[in-house]
Amino acid sequence: MNPLLWLVGSYAILIGGHYMAKRPIEALWPPDPNRTTPAVEINNRDFSPNPPAIVFGHYYMSIAGLSPVLSAIAGLYWGWLPALIWMLVGVIILGATTEYITMMGSLRNKGSSFGEITTLAVGKASGIYLTIMLWFLGVLVFSIFSVTMSRTLIATPMATIPTIALTFIAVGFGHIRRNMGVSLLPATLIALAIWSVFIYIGILYPVKFSFNTWMTILVIYTLLTAYLPIWLILAPRDYLNAGVLVAGLAIATIALIIGNPKFTMPMWVGWETARGALYPAIFATITCGAINCAHSLITAGTASRMVENEKHAYPIVSAGTKGETVMALVAIALIASVHNYQAFTTEVVKNIGAAFSTAYGTAMGYIGLSPEVGAVLGALTLSGFIITTMDSYARAGRYCLEELARSVPAFKAIKFDVPVVSTLVTVGVGVLIALKTPFMQIWTAYALLSLTFAVYPYSIAIVNRVKEGKPFNGHFIGWVVVPFAFMATTGAVALLYFIQRFIANNQTIPLVVSSFLVVLFVLSLLQLYTRIKFLLDQRKTSGISTSA
17 MNPLLWLVGS YAILIGGHYM AKRPIEALWP PDPNRTTPAV EINNRDFSPN
67 PPAIVFGHYY MSIAGLSPVL SAIAGLYWGW LPALIWMLVG VIILGATTEY
117 ITMMGSLRNK GSSFGEITTL AVGKASGIYL TIMLWFLGVL VFSIFSVTMS
167 RTLIATPMAT IPTIALTFIA VGFGHIRRNM GVSLLPATLI ALAIWSVFIY
217 IGILYPVKFS FNTWMTILVI YTLLTAYLPI WLILAPRDYL NAGVLVAGLA
267 IATIALIIGN PKFTMPMWVG WETARGALYP AIFATITCGA INCAHSLITA
317 GTASRMVENE KHAYPIVSAG TKGETVMALV AIALIASVHN YQAFTTEVVK
367 NIGAAFSTAY GTAMGYIGLS PEVGAVLGAL TLSGFIITTM DSYARAGRYC
417 LEELARSVPA FKAIKFDVPV VSTLVTVGVG VLIALKTPFM QIWTAYALLS
467 LTFAVYPYSI AIVNRVKEGK PFNGHFIGWV VVPFAFMATT GAVALLYFIQ
517 RFIANNQTIP LVVSSFLVVL FVLSLLQLYT RIKFLLDQRK TSGISTSA
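For the sequence shown, this note's numbering begins at 17 and goes up steadily by one.
The hints are simulated quantities; they were obtained by calculation from the structure and are not laboratory data.
One should not assume that every hint holds.
Only pairs whose alpha carbons sit at most 16 Å apart, straight line, appear in this in silico EDC-like list of lysine to aspartate or glutamate [said to hold, decoys possible]:
| no. | residue 1 | residue 2 |
| --- | --- | --- |
| 1 | Lys126 | Glu324 |
| 2 | Lys483 | Asp553 |
| 3 | Lys278 | Glu288 |
| 4 | Lys126 | Glu57 |
My request is simple: use the sequences and hints to build the entire structure.
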């Protein structure tokens, strides 16, 4: 395999999948372009209507953090072919569908979070279970990304100044857009021109901070962005970083195609590797880039509160999820063309962020840039999508605690409905986990959470279908029922499989999380069954046919 065939072929499949799946996915929940969205109706600190380009930038940068890079590279344990097949099939058939259902559910319910939507569709208990786990997902994302961000910037000090500068540039961008009425294109050009100057300054004057200093900076930054108005920093920074990320991926793609080095990683390694058996382990390894429940924190947590028209929902979530897959494909191409399998298992998996930046620098040599400058560009690309995911998930975690306070009196009594308190708790717990838990144990817990609760969007669609009395025709069965059965089965098998591995390896943190997940997973499926049975019995009692 070589990057030319790998990238061009995969991109063609993703583009085709985007257009092929649009009609059947939108048919599950038809958008109404004349319906007022929550962002337009409410328009306050947490709701702000934005053009689809800005919403896409926020959504893409929030979901496409380090996760697709980590997921895809870790997925190379079995070789590049299983990773490729699962990502392409997963994102086109499963990922875009669940994201669309989640966003439309939020848009039709005043910008409600995923937990609140689940409460309305399935039941209060399921909504509470899901919200607790979504909050924990937000905490884990902050933990994983803050550590990786700190390590990446320590390894590439030339990226320090431009990384910090972009935060202040984003504030200025948000101000001139909202308060001075500057249109999108000139504001974008001004911001990127200023940032390019700081990139040059950063290369000339590298600044190196310690790990603890970077963690402190990131904690302060996250506390501010999780609380400040969404238009001031979160949306503009994500939009600007999206441009940087797209440019970085485009440059990497061009460089790899020009150099076109042969992959030194194998196509297929075997069913059983150090990471575990292909089934179910690959599904609990590659989540981002295929299907990931963690995205719902953004899809129905922040992004849905920025959408100005329902017709933008599918283009935003489809392009965003497939853009995440593009990141994963580029990451695999970079690593697979630089490292062999032995180096992968002994070096790459120990510091994937640094390995990505170094491989990116190597690829830049194909277009005449020095490895040092290339590594800086790689670090900026990496740090850009790490930090935007980190702050978005922290904000979404804050929303989860506030939501729990509205449902559970005990949480309200300890002031979780106060934004400052919910922000401090979310970030504080994330810091404790980051400092006290080995990185890969955090990642495994995160991946299992992301995989297991991917059944919820399908649950919402199934309950709504039964409630509306619509038939389970071939279209609905193919796009919802069969995927639901597959994800429920795979999630259950993965939980049991990894629990026995955690016990064997004395890994306490992921064992506790996974055991708790099993309980919530079973309770959630039972409540789904009870809810559907109740609706069917209700329809029988009223004499309404369920098959027409």
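Check whether the Cα positions of Lys126 and Glu57 lie no farther apart than 16 Å. 9 Å, holds
Take a quick look at whether Lys278 and Glu288 sit within 16 Å of each other, Cα to Cα. Distance of about 25 Å is beyond 16 Å: violated.
Quickly compare the C-alpha distance for Lys483 and Asp553 to 16 Å and report which way the hint goes. Since the Cα atoms of Lys483 and Asp553 sit roughly 11 Å apart, the hinted pair holds (cutoff 16 Å).
Regarding the pair Lys126 and Glu324, is the alpha-carbon distance no greater than 16 Å? The given pair, whose Cα atoms are some 13 Å apart, holds under the 16 Å limit.
The structure shown violates just one earlier hint, number 3.
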